[in-house]
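Q: Could you build the full structure based on these sequences and the hints that come with them?
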Amino acid sequence: MPNVEEVARPLRTLVLGGARSGKSGFAEGLAEAAEAVRYLATSVPDPADLDFAARIAGHRERRPAAWSVVESADPAGVLTGEPTDGATLVDDIGTWLTARIDARQAWEAPRGTIVPDCDALVTAVAEYPCRLVIVSPEVGMGVIPATRSGRLFRDEIGALNQRLAAVCDEVFLVVAGLPLRLK
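If you're matching positions, the sequence shown starts at 1 in my numbering and goes up one per residue.
Don't read these hints as lab results, they were simulated from the structure.
Using N, Cα and C, we set each Cβ at its ideal position, and we do this for glycine too.
Hints are supplied without guarantee of correctness; some may be wrong.
[Stated by the list, open to error] Computed Cβ-Cβ distance ranges for the label pairs, DEER-style:
id : residue 1 : residue 2 : range
1  : Ala166    : Leu50     : 36 to 42 angstroms
2  : Ala36     : Met141    : 31 to 37 angstroms
3  : Ala165    : Asp46     : 25 to 31 angstroms
4  : Asp85     : Val175    : 28 to 34 angstroms
5  : Ile144    : Val69     : 32 to 38 angstroms
A: Below, the structure is given as structure tokens:
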């Protein structure tokens with residue numbers, strides 16, 4: 001039987017999955033159980049990328065109008081700021097990681113260049129005092145990327161997902177729209 005501290009502790013959930021696996025839809029379903037939802041979109045849209053713009057539009061159309069939306073490439077800063085009533089949904093860590101690697105010009109830099117950013121994010125998640133649902137891609141189950149940048153992203157997201165899973169109370173893997181509880 002869990003003790004009182006475990007029951008009272010805010011629940012942090014990590015939702016992993018591949019591209020088009022249904023991970024965001026599943027995470028949105030978890031978050032909407034809260035009275036209020038703050039949706040933290042981590043992507044930095046490029047107006048010239050029409051495919052990505054269409055993907056973002058799909059996410060916007062699916063979200064309830066009552067949800068507040070914060071577009072920020074700094075989820076650690078948002079999470080360490082003023083907490084919100086209800087739940088915060090962070091979607092997604094992969095777009096955040098790509099933006100951090102870009103910002104630090106780390107695609108060709110030595111491994112470990114983005115560790116301070118990852119440390120700040122993991123600490124913010126671990127210390128967040130309210131309901132939190134995080135979406136992140138699982139990319140390490142396929143072909144070994146042919147490029148250094150592809151391998152860098154795969155390795156960095158894999159390591160970061162492990163660290164986030166360690167500080168989250170529950171973890172799901174979504175495959176073909178079906179969630180599997182891992183933790």
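Q: Does the structure break any of the earlier hints, and which numbers would those be?
A: Violated: none.
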